[in-house]
Amino acid sequence: MARSRAPQPGPLGGRGPRPDAAAKVAGSTRYVGDLALPGMLHAALATSPVASAWIRGIDTSAAGRLEDVAAVLTADDVPGRNSIGVIFDDQPLLVTDRVRMVGDRFAIVAARTEDAAWASARLVSADLESLPGVHDPDEAMRAGSPGVHGESNVFRTFRVARGDLGRLRSRAAVVVEAEYHIGGQEHAYLEPQGCLAVPEGRGRVTIVASCQCPFYIQQGVARVLGLPLAAVRVEQAPTGGAFGGKEDYPTEPAACAALLAWHTGRPVRLVLPRELDMQVTTKRHETVVRHRWGADRQGRLRFAEVETVMDAGAYVGLSTVVAERANVSAVGPYRVPAVDVRTHVVLTNNLFGGAFRGFGAPQVTWAAEATMDALARRLGLDPVEIRRRNLLDARHRVTCTGQRLAGPVLAREVLEQAVALSGWDGRTTPADTSGPIVRGTGVALVQYGCNLHWGGQRLDRSSAVVILQTDGSVVVRVGLTEMGQGNLVACQTIAAQALGVDPTVVEVWQPDTTTVGDSGPTVASRGAHMSGLAILDAVARLRTRLDPVAAELVGCTPDEVELAGGRAFAAGDPARGVSVAAVAAEMASRRVETIATGFARTRSRRFDPSSGQGEPYEFYAMACHVAKVSVDRELGLVHVEEVVAAHDVGTVIHRDALEGQIQGGVVQGVGWAVSERLAVDHGRLLNPNFTDYVIPTAADAPRVRIAVVESDGAGGPFGAKGIGEPSFIPVAAAVRNAVCDALGCEVRRLPMTPQVLVETLGDRHPFAWMVKSGARVPGPGDVEACRLGDSQGPEG
Amino acid sequence: MSERIAVTIVVNGERRMFEVPAGRRLLDLLRVDAGLTGTKEGCGAGECGACTVLLDGLPVTSCLVLAASCDGKEVVTVEGLSGHGGRLHPFQDALVVHGGVQCGFCTPGIAVAGAAALARGFQDGEQAARLMSGNLCRCTGYDKVLAALEFARENEHGSE
Amino acid sequence: MDLPVRRIVRPGSLPEALAVLAGKPGARALAGGTDLVVQLRDGRRSADTLVDLGRLEFTSIAMHGNLLEIGAAATMDDVARHSSVRRMAPSLADAAAKVGAWPIQCRATLGGNLANASPAADTAPPLLIAGASVRVAGIAGERTIPLDAFFRGPGATALHPDELIVSILVPPPPSGPIVERFVKVGPRREQIIATVSFAGRAEIASDGRLHGVRVALGAVAPTPRRARGVEACVEGRKPDAELRREAAIAVQDDIAPIDDVRASAGYRRIAAAVLVDRFLRSAEEDRRE
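Protein chains in written order, with this note's numbering: chain F, 1 to 796; chain X, 1 to 160; chain A, 1 to 289.
Keep in mind that a hint or two might mislead.
[As the list claims (entries may be wrong)] Using C-beta positions, here's what the derived DEER-type ranges look like:
(1) P146/A / R15/X: 45 to 55 Å
(2) V175/F / G121/X: 57 to 67 Å
(3) G121/X / A232/A: 37 to 47 Å
(4) G57/X / P408/F: 55 to 65 Å
(5) M17/X / D68/F: 17 to 27 Å
(6) E150/X / R655/F: 11 to 21 Å
To be clear, the hints were calculated from the coordinates, so they are not data collected in a lab.
Glycine included, C-beta positions come from ideal geometry on N, C-alpha and C.
From just these sequences and the hints, can you work out the full model?
Structure follows, in structure tokens:
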């Protein structure tokens, strides 16, 4: 493992420009869609417009006859296994007998132009026999419901069981029961999914892909083409946003492009049009959470029963992994003596549930924080106060999974920082309710398990290569990806800090599966953490060869060599030193090896999935957000004015990247909270576009104020903890609690669109009298039942 | 089949002639025919702003403009924002310095729209945010983008 | 991708443009294209030949006597900022500044916004309350169509296939004190298609009564439309709580909203009532000021 020396002065915690920024602002960064090779073909997909059907036949003859078309392939053309599921073997790359979701692929096409490819794909005809689909997860769970895959639709149920529920139930003075309906979310990365497959001859293929997980693609393509892993090289292209949406999904287009490249012998590029991308790619799971939580008169939680139903869609994908995190995150950073959590993964013919920033935790956090506020209201307690009385802290370290938290437990610190920065004033019902605009404040916390859950810990390792060039510049290769979150600048900073050089001499290259070992997926906020530890390990190994050379040049012992400011010197005597470049040149001339590999893995842990007891994660990061909103209670419009975000980050690696992650996470959370609604009808997305899937603009972004709590004791590079997901998870919950504070009512549906808020207000809506007046206004119940129709045309 | 048409457009200061199908969008003319791939396609429906370019000095979403409509006009893309000697536009510089770049896919459109906003002028942050509201960004939360815009404006004023 | 059109022509004069439109079935006029290009791409509209009106330069905004004439090709950006528009029809300027986002406003034209005939067209309610009319030209000559006879349904207008909008004529507002408002409701502050839009104008008499009341709404019926029930209800009366209540009920018979991906009919009905109520409140407030 990494040798960690006391940090020297260096770039750690600074704000230097990102290494990728200058090319990006100049427009010279080449994303997949910008790549063109001689003879390159364009791919297109022929996909199912319906969610459930038997396939009687697929006819590609018309598609193949179109001018400029080079190949139209179906399942028959797969040389390896026609299977693309990342964990389970339930999803074919190309369907043959059964359609289970809108977007299932009948055939794939390669043509000389993009337009010809898609025109050809539209000519593929499938003879379908309609089959009733399953679209309601609750119904899907009932015995006798048609099975999406023939058997029970309840694919897995995860549990956390702890404490004497019966005894503690009787000790609760107040009990809150609630059912929360939490909508899914589209990642809405700005760059659509895309990849380029290049046949390399001799049974090899290169994939250049917009992705988070090159190693997943490598495995998927190797399986489909029947190749050894070593014959599939995956290079990550600059990736225009991902958020979990490019974790497992990119394997599907990559396998399509690879198959077409394999058959045509030519490079094949596939970029999904936005509408298809939004329809077929994975989404945050639509989730129902049912609670029965009890507290004593002092507001101390006595028990928590949670049942969570996650709509996985037709294939399992990563849903079990998402549910594992949701399962152990269900009661937040609170100490609850008796816990009974059940988390179901349910198959339907709806949208494809998958990875999305937070991985199931945002949904259960939304519910948990709503119930905490409900308990506070019932007990007449301030929402902050009830949380204070229940938080895990230095004295109460045992989580709902029975894990004893090591190191500082900073839930209380992040809460108090957020309270102080937001000027939380023990909120009361807003004084002025005469006008339509009402204001509210809400708080929410998260206890985020860093890195992969126990269930995925075999993947939780990482590899790096560090090469000291003869001129003193440094090449760094890691297996984890940059997708906007800042992994390049984090790795650059970590390497520069460890080598004592200026970050500008460190070049971190995008991952390539032929240069580093399988480092697992870039998910779970583990990018900077795991690649950073591997870099530190590589630097430590490099220094076993560098230090002796430097020591000779400097005139000290190898043990005394320190690196900082671009120089090697004897400890405590910076004046007597040489440049790192000089050491590099000397190593070269002495033919000393200047390349080193590094490796990192998380600590092995024990966990019992049947009881949910054990150590699901190595350590945790706490966060607390306070949101301030104004709500137009007549029109149901929410404006999030401010979000205060207090985060337990361990150590700041790069301050701009950290702030950018928090600011971006907050705005993405605000979108989920108030406007991002997936309108789905029988598995078909009715708003697969940015016209009607409404993500925040610059004018919608709240003011974000950040409090950073640093500490020693975490296990990341220089003590850093991941920030990608903690920045998102509490946002919608804090906004929800603020909206409820403003309106004085319980909102149990997300997103809180204007219509949802008007319906939730019901009789308390200022214009509720109209419903009774005989004017043609349907009541909330009628509104709920309204069928979704096609949208009206746009404006402009 | 689509007829081909000839158009002459001044692209980034250079007068160029293209022969393209009648239905060609300005976006594709730039990316495919002119080889200027800095301009991105994020949605194809004028909603995301990644394809924003200047058409006769004003920002437009090039996915909604037909190449034929640009005959005789001037287009500036992200590649053309920089001045002589490849020096970045002050807003591009500010985006780098202020951390306003993350995944970078929206960035070319943001850079162009921001340059246009500076040329138009704005009173305050709210007005700046309105001018930039046609450029969706999913990474940054806009804070550092708007800070960069404000910085570029102040510096411009300072140098006057 | 290339749009599925066979030809595009760029006539240099109005007669030339009209001749193309008249001579070619399947010819369609293209102005800013911010709607039409999307529709052609999605297959919601089709065209064999596009007649790009860009060279006609119907972009002027000018007063003719007391009449404001806005060229059909004036962009939303032009309309939103023009001093005569701000003076003569402030709610139109406000609406133009809310069409899409700025890059759309720099391209979208006023004529195009009307010809596209979306039920949610932002500029329609302000023009309806201004009593605007549409000057159109065809092979047979020119005619003027009052805007409230112009919209025929979603995407359908009174224009003949060989006709073009040349300009929009806006009569002067009443000379006395007036209240005028435009409000657009949607789930986002900028760059959003209206879930419901509203424009209202009334003269405020010295005794506080409202006269010449005009109210129009968008996205609550197959076309943007005047709310004549509300107008009749409010005409000649003082805006007080009782009137607001009556007007909120009256508007329900003026509209025929549907459920769609943006909102339910029920939400739109409530929102329409709220907007009528707010307009009357602002009439009270404006009088006090």
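Hint check, failures only:
none
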